[in-house]
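Line by line, the protein sequences are chains A and B.
As numbered in UniProt numbering, the first sequence has no gaps in its residue numbers, which increase by one up to the final residue, 207.
As numbered in UniProt numbering, the second sequence has no gaps in its residue numbers, which increase by one up to the final residue, 207.
Treat each hint with caution, since some may be false.
A pair holds if it fits inside one copy or across any two, identical chains being indistinguishable in the list.
Stated by the list, open to error - No more than 25 Å apart at the CA atoms, straight line, and that leaves these computed lysine-lysine pairs for DSS-like:
| id | residue 1 | residue 2 |
| --- | --- | --- |
| 1 | Lys150 | Lys118 |
| 2 | Lys101 | Lys134 |
| 3 | Lys101 | Lys80 |
| 4 | Lys118 | Lys149 |
| 5 | Lys188 | Lys101 |
| 6 | Lys118 | Lys188 |
| 7 | Lys188 | Lys199 |
| 8 | Lys188 | Lys150 |
No wet-lab data here; the hints were simulated from the structure.
These numbers were taken from a predicted model, which means no experiment stands behind them.
Number of protein chains: 2
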Amino acid sequence: MELQVLLLRRIFFFFLLTILQQSSSARILTISKPDRHDYAASARWLVSQNSWGVLSTLSVDHEGAPFGNVVSFSDGLPEKGSGIPYFYLTALDPTARNALKDQRASLAISESPVGTCKRDPMNPTCSKLTLTGKLLILDEGSEEAEVAKKALFTKHPEMIDWPEDHDFRFFKLEIIDIFLINWYGGAKPITVDEYLHAKSIKVVSFL
Amino acid sequence: MELQVLLLRRIFFFFLLTILQQSSSARILTISKPDRHDYAASARWLVSQNSWGVLSTLSVDHEGAPFGNVVSFSDGLPEKGSGIPYFYLTALDPTARNALKDQRASLAISESPVGTCKRDPMNPTCSKLTLTGKLLILDEGSEEAEVAKKALFTKHPEMIDWPEDHDFRFFKLEIIDIFLINWYGGAKPITVDEYLHAKSIKVVSFL
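With the rest of the complex left out, here is chain A:
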């Protein structure tokens, strides 16, 4: 009987730990959402929390039609992002080919994958962001290519082992315009300068 109690206790605490770990990670995400009135912080938070988005370019194959493509990105180390999205692309994929012909591009991301949104992904209280600008290839070995490499390989460690013969290269989106919805009332007024120089993210708790 003594042994049974001991065994059951151990199993119980293992499960308790599992449950606590799960609820704790969900709580951290919820707390870190910035004040919705701080548009720059809201946009920067969305970029730092998301690991993938849709990068749109003008299709070479389809006479300039807009071509959205699911891509991984990173703007820096966790909590230390610059707001500039970096990508690791190969010309075997249409997006890089399109950008080398016409640099115009946009990156769209949603609050939905972050897990802090309780409503429909298109409800204005579920934040969404589109950064429009130029998709530029970075010079190999340049300082910024090193920044991009560190940002991407930290957030997406799998990339380190992607095949060398695919000739992956580092790209960045030079932002020209910002479209942010993070509450009712249409797109929020936010300049690229405000976005890039956002103060440290204020946090509020919804719990």
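Got chain A sorted already, so can you dock chain B onto it with the hints?
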């Protein structure tokens, strides 16, 4: 001691049930993923399982730059989709305005939100799909507008109560080209006809 054993047993079985419920729902999702060699079924499955994606149009405000926007969509009732994505858009938002000027558009979606992908969202084994075509507004009261309404309001019940003065209208993407990655080896060969007439989805278990 007897009581302690009984109590611990009860708590243990409660946690076991919780864990089993969670893994069981994950298992159902995994099982429903089609055979990766069936490209049409794979693409249709991605469309049916996702509730949102990024719809790209040519920006009126930014001289024809590609503008991706997070939107909710539906291709029909669960397991009864047509493969045609329908949208509920307002001209208060740039995407609808852009489409009314130039119909060229694409919808990009990822396997990532479905929850069946264990690797990086850009790893080729994580499926992604881009449907390129024309974003068309549906005539109010038409048969297809009713189909769109039923498809959207079933998958996104919140839409029923979206504000009337925003003048939301039903749109569809008339598909011209399909870009599917669902394994290594680049984009898969798949025609619009194969996609629209996909046989019922074959299911395989990875467990």
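Quick rundown of the hints versus the structure:
| no. | hint | in the structure |
| --- | --- | --- |
| 1 | Lys150 to Lys118 | between (33 Å within a copy, 23 Å between copies) |
| 2 | Lys101 to Lys134 | both (11 Å within a copy, 23 Å between copies) |
| 3 | Lys101 to Lys80 | neither (32 Å within a copy, 40 Å between copies) |
| 4 | Lys118 to Lys149 | between (34 Å within a copy, 23 Å between copies) |
| 5 | Lys188 to Lys101 | between (32 Å within a copy, 24 Å between copies) |
| 6 | Lys118 to Lys188 | within (21 Å within a copy, 35 Å between copies) |
| 7 | Lys188 to Lys199 | within (18 Å within a copy, 45 Å between copies) |
| 8 | Lys188 to Lys150 | neither (31 Å within a copy, 32 Å between copies) |
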